[in-house]
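Visitor: Protein chains in written order, with our numbering: chain V, 1 to 551; chain W, 1001 to 1349.
Be careful, since some hints might not be right.
Unchecked claim - If you want a taste of the chain W side facing chain V, the calculated C-beta under 8 angstroms gives, among others: (1) 1133; (2) 1139; (3) 1225; (4) 1252.
What the hints contain is simulated information worked out from the structure, not anything from laboratory work.
This one's a predicted model, so the numbers in the text were calculated from it and none came from an experiment.
No residue lacks a Cβ here, since even glycine has one placed at the ideal position from N, Cα and C.
Here's the letter readout for the chains.
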Amino acid sequence: MFSFSTLAFVSAQTPDTSVTVENTAPDFTVDPLETPASTGTSPTDVDSNVTWLATADDVNEDDYFLIVCDTDSVVAGGGTGNAPACSSTTFCVSSATTDETQATCSYTAQSGDAESNDWFAFVCDDVAGTSCSTSSQGSLSDGSESPFKVNHRPSFTVFADGGDQDPGGDFTMNATASDPDTDTAADTVALVVCDSNGGATYTGGTGSCTGNKLCDTSLIASNPNCMFNTDDLTAGAGGIIQDGNYTVYGYVFDSHDLDSGANPTSDTVTVNNVTPVVSSVTLNSGSDITLSDNSTVNVVVTATVTDNNSCEDLATVSGNVYRSGIGLSTCDENAEDNDNFCYAEVTCTISGNTCDNATDSSASYSCTIPVQFHADATDGSSTVTDSEYPTENWLSSVYAEDDGANSDITEVAAGVEMLSLIAISIDPAAIDYGSLAAGANTGATNQEIAVFSTGNVGIDVDLRGTDMTFSTFTIPVGNQEYNDSAFTFTAGSDLTASDVELELNVLKTLLSSSIGTESVFWGIEIPGTAGSGVYTGTNFITALKSEVADW
Amino acid sequence: MKHHLKIFITFVATFFIAGLMLFTTNQNVSASIGVAPGTASNDVLLPGSEYDQVFTISRSNPESAATATIEWDSTIAEVKDWIAFDPGLRVVLPEGETQVPFRAKITVPEDAQLGTYDGIFRISLEEPGNDGQVVVVPAVRIDLTFTITNEAVSELYVRAARMENVKKGDDFEVTLKIENKGNASDSPTEAQLEILDLHEELVTTLESTSVGSVDAFAIQDVLAKFSSSSLEEGEYFGVVKVFDNGELLFQDQLYFKVLPEEILPPQDEVAAQAERGNTTLLIILLIILAVIVVIVLVYFLMKKDDEAPGESPPSSTPPMVSSLNNRPGPPSSSPPEGTGAENSSSESV
Chain V
1 MFSFSTLAFV SAQTPDTSVT VENTAPDFTV DPLETPASTG TSPTDVDSNV TWLATADDVN
61 EDDYFLIVCD TDSVVAGGGT GNAPACSSTT FCVSSATTDE TQATCSYTAQ SGDAESNDWF
121 AFVCDDVAGT SCSTSSQGSL SDGSESPFKV NHRPSFTVFA DGGDQDPGGD FTMNATASDP
181 DTDTAADTVA LVVCDSNGGA TYTGGTGSCT GNKLCDTSLI ASNPNCMFNT DDLTAGAGGI
241 IQDGNYTVYG YVFDSHDLDS GANPTSDTVT VNNVTPVVSS VTLNSGSDIT LSDNSTVNVV
301 VTATVTDNNS CEDLATVSGN VYRSGIGLST CDENAEDNDN FCYAEVTCTI SGNTCDNATD
361 SSASYSCTIP VQFHADATDG SSTVTDSEYP TENWLSSVYA EDDGANSDIT EVAAGVEMLS
421 LIAISIDPAA IDYGSLAAGA NTGATNQEIA VFSTGNVGID VDLRGTDMTF STFTIPVGNQ
481 EYNDSAFTFT AGSDLTASDV ELELNVLKTL LSSSIGTESV FWGIEIPGTA GSGVYTGTNF
541 ITALKSEVAD W
Chain W
1001 MKHHLKIFIT FVATFFIAGL MLFTTNQNVS ASIGVAPGTA SNDVLLPGSE YDQVFTISRS
1061 NPESAATATI EWDSTIAEVK DWIAFDPGLR VVLPEGETQV PFRAKITVPE DAQLGTYDGI
1121 FRISLEEPGN DGQVVVVPAV RIDLTFTITN EAVSELYVRA ARMENVKKGD DFEVTLKIEN
1181 KGNASDSPTE AQLEILDLHE ELVTTLESTS VGSVDAFAIQ DVLAKFSSSS LEEGEYFGVV
1241 KVFDNGELLF QDQLYFKVLP EEILPPQDEV AAQAERGNTT LLIILLIILA VIVVIVLVYF
1301 LMKKDDEAPG ESPPSSTPPM VSSLNNRPGP PSSSPPEGTG AENSSSESV
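Isolated chain V (complex conformation) (with noise of 0.2 angstroms):
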């Protein structure tokens, strides 16, 4: 029962009001949206950035998050400065922002996602108590509402070259490659060869190095590529180019220009070692060859040699002469000399078009051959009378050898003759009969005159005198008589003041060491009515070509 005592106790007060206000999730006032937007035709590469914007009205005022999910379910943070969390995989969640500001946040594509990613976001309060939205997955048809798409790397997994090849020639280029997309078109793949590692990309249908291109493709389904030629390794050297090894690297890049993970990758290609060429061979300018009386001429053979390697290239470079009888097969080493028709191996010397550099592919050179006086003569049209190898002529032959051991040879188109040479050298060159009384002779005592030939054929000799002479005193020339050996006075010849030929048969000389020989014995008769003095007269020993079967 209510009473007044205890009613007296109560005294006037202010009654308190109270209402809890509960709280109210946030709602999105601006709709989640990818920005850029993720659509199959411009998807986000792996390892970039989904971005999402939204903008959300919390009633409490309340900060709030934006969180994007890949299932319809968030939990929400329980508290201030706690995010929300999804049930399943969160794609990402903003910082706490300020209500009715935008929130964004990104997520990086990762190489094991799908290639279309459902995403569903929400906003949520920061606030103890905190409370979500529903889910949005964007109100546009512009391709920035989910799902969002991720473009994968193309796979790359060979590099390799078609063959090893000349300088000159092209290089294929494969690639094993293909790109696992095929979410609204399947993508394709291209390839980009560089000759450095320093980076290419793939642009438009074309691909750029920040070394030099050799080669790019467009896109393809798979296994993309190319070509390029040796000259594209040089930098445009005219084709010329050392031989060896050079590394070229390979880019893959799908048809949203995305680099595959394995680029670059390298290979190596093989230029090959080529064979030189030997050309504009010729032999003593195309003139024929005379000889010098028991000497040397100097002969010259000159060629161009060419290698598309490089000049550099050039180890070796030699020319021969030989006659043509004899044949380039067996005139082209040294141990086949023989000054009477071969010069082998005699080391060439660049004269003229010099080798300047790596890129120049040829040289000038010239070889001088000193020939024999005694090198077999091929003019001429008898072989009775003229020369032993009438129907013959004298050849050259250049041989070119690289670093490589790979050679040309190469002869000369046109040979030239090589001249008869009549020569004759004789020792002494005068004849002292010494001291005689008038009407007496020389019997078996003989004046000895050597005569040789200095020349490439046997010779025969004609001899002539004159009378000898003092004051007026005659000894007429045929009191002189000769003899092809040693002989008694009155078995010789007389000597006469016309030429009479003597069947020396000197022969021809096979060796500058041993000159061909014969010698001319004389004898005099001194008339009986000579007068006491020193005469004096002159006699010609003339060389002929001897018969050849005598040489």
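Chain V is already provided as a structure; the job is to place chain W on it using the hints.
Guide: Using the frame of chain V, we list chain W on its own:
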């Protein structure tokens, strides 16, 4: 001056005489001579034609100058007049020259009878210093045979080809060294030039627009011309083929370059040319300076000799004359007694 001149003359004369004695008393020297070719013939000469044959005289020991004498002989008298020798019947063989050419020119009269003619010429050596009882002269005999015919003969032999570098856009020229063994002026009918790249791949083939002709019996360089093509700058091979009435006479592979249209000498070559010019000028100046120095030295030597030792130079002022009575008399024209040899001429021979 006279004194020094006498010394100089004495020295030279002594040296000359000694040398002369050495050479003239040496009777045992060898002597040699050679002539090439040893065979000379032409069997297709036409009446009225000319034929040149070059011979070369050689000596293995050209330590002194000598002379070669040519004697030409034929069994047929009038043929002797058909041949002329250049430089003549005596050919100087200079000291140090191992080979000296001479030319035999045959001029066949228009009315020459057809047939074969032969002759001989001998080339003998005259060398100074050869002396003795019987001097033995070496000589060479060349037999010459030629045939007069009225038959036209055509025979070409291409001996060599060469090709110079060409500027882009210019016509191509190949120089052919051709020997005409026939008896009328002749030329190949055509030439062809296959142009290959350095990989010996065919680029283009050109036909000649003209080929030069060669005189009868001559060896001459003639040009085979080809119209320009659109070849780019670079290096090429040219395979030249020479034909005569369809017959392939000659084929060769040559190397050449197509050069840029404007070729300037490289700067280092220009500098090198300037340097060569400067070097030549410097040498000339040094020579002139040396000559001037010699002239000055000779002048002073001459001047010094004019002042004979012991004599005082002539006074530039007349002697003091104190009085007419004390004027010195003229110098004595005869040497004082007793001086004898001291006063003989100071110059000796």
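Visitor: If a hint holds in the structure, say so; if it doesn't, say that too.
Guide: The hints, checked one at a time:
no. : hint : verdict
1   : 1133 : holds, 5 angstroms
2   : 1139 : holds, 4 angstroms
3   : 1225 : violated, 19 angstroms
4   : 1252 : holds, 4 angstroms
Hint 3 from the list above is the single one not met by this structure.
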